[in-house]
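Number of protein chains: 2
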Amino acid sequence: MTTRQLHLNAFLMEAGHHEAAWRLPESEAGAGLDVRHYVRLAQIAEAARFDSIFFADGATVQGSGEFRIAGQLEPLTLLTAVAAATERIGLIATASTTYNDPYALARRFATVDHVSGGRAGWNIVTSATHEEAANFSLAERPLQATRYERADEFLQVAQKLWDSWADDAFVGDKERGRWGDPARIRSIDHEGRFFQVAGPLNVPRPPQGYPLLVQAGASEQGKAFAAKHAEAIFVAHQTLEQAQAFYTEIKGRAVAAGRDADHVLVLPGIVPIIGDTEAEATALARHLDDLRVPEYGLRQLAAFLEVDESELDLDAALPDHVVERTHREGFDSRSRLVIDLAQRESLTVRQLLGRLGGGRGHNVVIGTPVQVADVIETWFTQGAADGFNVMGAALPSGLEAFADTVVPILRERGLFRTEYEGTTLRDHYGLPRPANQLDLVGADVV
Amino acid sequence: MTTRQLHLNAFLMEAGHHEAAWRLPESEAGAGLDVRHYVRLAQIAEAARFDSIFFADGATVQGSGEFRIAGQLEPLTLLTAVAAATERIGLIATASTTYNDPYALARRFATVDHVSGGRAGWNIVTSATHEEAANFSLAERPLQATRYERADEFLQVAQKLWDSWADDAFVGDKERGRWGDPARIRSIDHEGRFFQVAGPLNVPRPPQGYPLLVQAGASEQGKAFAAKHAEAIFVAHQTLEQAQAFYTEIKGRAVAAGRDADHVLVLPGIVPIIGDTEAEATALARHLDDLRVPEYGLRQLAAFLEVDESELDLDAALPDHVVERTHREGFDSRSRLVIDLAQRESLTVRQLLGRLGGGRGHNVVIGTPVQVADVIETWFTQGAADGFNVMGAALPSGLEAFADTVVPILRERGLFRTEYEGTTLRDHYGLPRPANQLDLVGADVV
Ligand SMILES: Cc1cc2nc3c(=O)[nH]c(=O)nc-3n(C[C@H](O)[C@H](O)[C@H](O)COP(=O)(O)O)c2cc1C
Ligand SMILES: Cc1cc2nc3c(=O)[nH]c(=O)nc-3n(C[C@H](O)[C@H](O)[C@H](O)COP(=O)(O)O)c2cc1C
Chain A
1 MTTRQLHLNA
11 FLMEAGHHEA
21 AWRLPESEAG
31 AGLDVRHYVR
41 LAQIAEAARF
51 DSIFFADGAT
61 VQGSGEFRIA
71 GQLEPLTLLT
81 AVAAATERIG
91 LIATASTTYN
101 DPYALARRFA
111 TVDHVSGGRA
121 GWNIVTSATH
131 EEAANFSLAE
141 RPLQATRYER
151 ADEFLQVAQK
161 LWDSWADDAF
171 VGDKERGRWG
181 DPARIRSIDH
191 EGRFFQVAGP
201 LNVPRPPQGY
211 PLLVQAGASE
221 QGKAFAAKHA
231 EAIFVAHQTL
241 EQAQAFYTEI
251 KGRAVAAGRD
261 ADHVLVLPGI
271 VPIIGDTEAE
281 ATALARHLDD
291 LRVPEYGLRQ
301 LAAFLEVDES
311 ELDLDAALPD
321 HVVERTHREG
331 FDSRSRLVID
341 LAQRESLTVR
351 QLLGRLGGGR
361 GHNVVIGTPV
371 QVADVIETWF
381 TQGAADGFNV
391 MGAALPSGLE
401 AFADTVVPIL
411 RERGLFRTEY
421 EGTTLRDHYG
431 LPRPANQLDL
441 VGADVV
Chain B
1 MTTRQLHLNA
11 FLMEAGHHEA
21 AWRLPESEAG
31 AGLDVRHYVR
41 LAQIAEAARF
51 DSIFFADGAT
61 VQGSGEFRIA
71 GQLEPLTLLT
81 AVAAATERIG
91 LIATASTTYN
101 DPYALARRFA
111 TVDHVSGGRA
121 GWNIVTSATH
131 EEAANFSLAE
141 RPLQATRYER
151 ADEFLQVAQK
161 LWDSWADDAF
171 VGDKERGRWG
181 DPARIRSIDH
191 EGRFFQVAGP
201 LNVPRPPQGY
211 PLLVQAGASE
221 QGKAFAAKHA
231 EAIFVAHQTL
241 EQAQAFYTEI
251 KGRAVAAGRD
261 ADHVLVLPGI
271 VPIIGDTEAE
281 ATALARHLDD
291 LRVPEYGLRQ
301 LAAFLEVDES
311 ELDLDAALPD
321 HVVERTHREG
331 FDSRSRLVID
341 LAQRESLTVR
351 QLLGRLGGGR
361 GHNVVIGTPV
371 QVADVIETWF
381 TQGAADGFNV
391 MGAALPSGLE
401 AFADTVVPIL
411 RERGLFRTEY
421 EGTTLRDHYG
431 LPRPANQLDL
441 VGADVV
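Chains as they are written, first to last, in UniProt numbering: chain A, 1 to 446; chain B, 1 to 446.
It should be emphasised that the hints constitute simulated quantities derived from the structure, not laboratory data.
Incorrect hints may appear among the rest.
Label-pair ranges, simulated between beta-carbon atoms [what the hints assert, rightly or not]:
(1) GLY192/B - GLU345/A: 43 to 51 Å
(2) SER333/A - ASP181/B: 29 to 37 Å
(3) GLU412/B - GLU87/A: 37 to 45 Å
(4) GLY117/A - ASP313/B: 45 to 53 Å
Cut-off 16 Å, straight-line C-alpha distance, at most; resulting in silico cross-link-like pairs (EDC-like, lysine to aspartate or glutamate) [as the list claims (entries may be wrong)]:
(5) LYS223/A - ASP152/A
(6) LYS174/A - ASP290/B
(7) LYS174/A - GLU26/B
(8) LYS174/A - ASP289/B
(9) LYS228/B - ASP152/B
(10) LYS174/A - ASP152/B
Glycine included, every Cβ here is placed at the ideal spot set by N, Cα and C.
My request is simple: use the sequences and hints to build the entire structure.
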């Protein structure tokens, strides 16, 4: 048996995950709008044999006011362009179950899976912000519980639709003029609380059966959903202990839900800031932080915590009433992580902004390639991670540095692949191709 | 001044527009699921300097029963993959205003326009079938009038969203840390009957301002919508007289709506079946027709006319009660074209199926390259067309034959370009880039 292998996902974000990365002289300020930038990043990640690349998404303009407003290409639309320029790497895009219809979205993911030869993954989000609701004709954002109930039914419908064509439904029998086998293409007649969908889907079953199902919800409901459905989980943790606790909890919940713990991969985020020496790495981190616009960070934080900027004092701790508010219904559970960080380390708002600016709450690791590899190995071997969501502080340089200097060390230690073994995203993550549920039903009946 | 130039759009459809094309020995039966097939077709069309390619779409499985069930990749998702493999040709995809949200769809088209460098076009449809409604949680298909009212507001919202970023909103000023100019990125605060959308969009204004707006509705409401909004109109006509009447009517309506008649291009469909001699062309047409499965055609026709197969007798005319039904509310106006054809030529159902199988009601022209070019020139110069929607009966062969044999004749006659002059889809069609309406409002206010 080979040693357990690490999984690496490259989380791609404009000119980098550090909020000021676009201001570096070598950065392309409009990188997030340039498909060639993303193609290049995907090719770097593929050359290093990453499992996948990933695009986050949300249906609002990011930021506001004077300093930082970023537009973003729609990731699922982008994915086929990246597919055309790569061969093996997995392609994960975020899409919301709150602001999509299952028929249309199931079809789009099936299309990406067909076009890419089985490389599609779906980061399932439920969209927590008021701003998104206001772009989709809703007066209020739906309650968190409602969002996750809808997500659950949404996924059920999507899976039924992907299963509505048996794997052998396409026949292509020119002789007899039979293009498909009608007995192998079935309506789903879903009647639920949120959706009534007749089906069948108008695309054959995706090469992977279903796209890889990814999730990143950190609330109670989010974790319950992940334990039930997710095959890869993105998380943000600052400490090994936090990460271990989450890892143990989510694997336990998956097993309790009747699943194989190895089929639920936990991928914490890591923002590596790499230098030949520790001093060089620290200098690079400082340089990036100096480029931050504090007013921008303050505005972002205020928006995230749903308070007015005037309620936050840069040189004081977060006020109690602000902390209290984030316990209310519907709050993005990431706000808890931010508040935990501020409280654990008794940070002022200014210090907190410094910690968030680089990685939005993810684990920023500043050091030499060996130091970064050590953190990865520790988390991987100490029950905190099955792999990592690699978030280059600046892109492409941060991803290149990781690929050139950290990946070889991980290989030497026998932790990471030198070559792809399979062709699909599921192959890379060692996850099974799901059986067709409708076939199983059919088999029962016969 | 150069002579008025013809516009050519390549309507791409699986292994061809003839329903039996996939059964030809040289056809790829699963062509519709193969991105490489579409990339190849787009490259053929681009090499011949076509204005654009086009994908139709609908959110249901096509056909049913024993003989022909086709799956189809989602065209907007496909478009960026085709964009990556081409440089200049326009890329038009169909999307429904009945089963999409304006924020999400405006963003996806803006993304395709950015990724392709200004080559996106949107064929706006309102989705007339019961089957589509049943895939989107609706008990009934919406009334036709409602669908077009929604389409009208949908387009308004989309245009406001594309205009929510001024053309110069992206600044990228690294020195001052200003990524965008907040005064040039504006909410839209749309409050309408169907939609309430805050905005702004999270993608900068598309290179073309708006994607090219295409429409193909043939009903009263459809024509009213086209005259108001469409920049290119796809139509199906069997005779020069029909096409002339439509051309005159729609241009008149556009002018009445305050538009420039030259900014509304009419593109009838043509299904060219080409041979070196007329006899060869006829033999090819006969060969294709012999491959048809009559039961399939009957089922398709019955579904289209919303009657039971048993109500149609292959060797009799369409029964009166069936003709009557198509006058009812909500019927796809294309059913009128089919019925007009049957009545004008006193066709039996079997004969009607023969006429429809090749081009679904479009003008099938069987002949030598010169004969096909003659029809095109006549329609173009006699007030029936500004260009054509070229529908290869078999693909790629039908498109190749057209590009290799008909296009050179059109060039000799000075009717069609030898080189692209501009870079965007609007450039190819000679259509202006729309001004930013919000800028104009702003200018008024200042
Ligand atoms: C690495 C990572 C990536 C995420 N990407 C997105 C995203 O693209 N869009 C989004 O709306 N939320 C994203 N989230 C947020 C989660 O999906 C989730 O909404 C958030 O953690 C709040 O959890 P909850 O919904 O369970 O409260 C991401 C979270 C993490 C950790
Ligand atoms: C060339 C051509 C292409 C069309 N493509 C589509 C399509 O992709 N999807 C669709 O739903 N309807 C399509 N239609 C149908 C029209 O959009 C329209 O629904 C139909 O002509 C009925 O018109 P009405 O809606 O005004 O009744 C097409 C029509 C033509 C002539």
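Against the structure, the hints:
1. Checked against the hint of 43 to 51 Å, the pair GLY192/B and GLU345/A passes, with Cβ atoms roughly 48 Å apart.
2. Taking 29 to 37 Å as the suggested C-beta distance range, the pair SER333/A and ASP181/B conforms, at roughly 34 Å.
3. The supplied range of 37 to 45 Å is met by GLU412/B and GLU87/A, whose beta-carbon atoms lie about 43 Å from each other.
4. Against the hinted window of 45 to 53 Å, the Cβ-Cβ separation of GLY117/A and ASP313/B comes to about 47 Å, which satisfies the hint.
5. Our distance criterion of 16 Å between C-alpha atoms is met by LYS223/A and ASP152/A, whose separation comes to about 12 Å.
6. Between LYS174/A and ASP290/B, the direct Cα distance comes to roughly 13 Å. Compliance with the 16 Å bound is thereby established for this hinted pair.
7. Only pairs whose Cα atoms come within 16 Å are accepted, and LYS174/A paired with GLU26/B is accepted, the gap being roughly 11 Å.
8. For the hint pairing LYS174/A with ASP289/B, the CA-to-CA distance comes to about 14 Å; that is within 16 Å, so the pair holds.
9. Note on LYS228/B and ASP152/B: the hinted pairing holds, with a Cα-Cα distance of about 9 Å set against a maximum of 16 Å.
10. A distance of roughly 43 Å separates the Cα atoms of LYS174/A and ASP152/B; the hinted pair therefore is violated under the 16 Å criterion.
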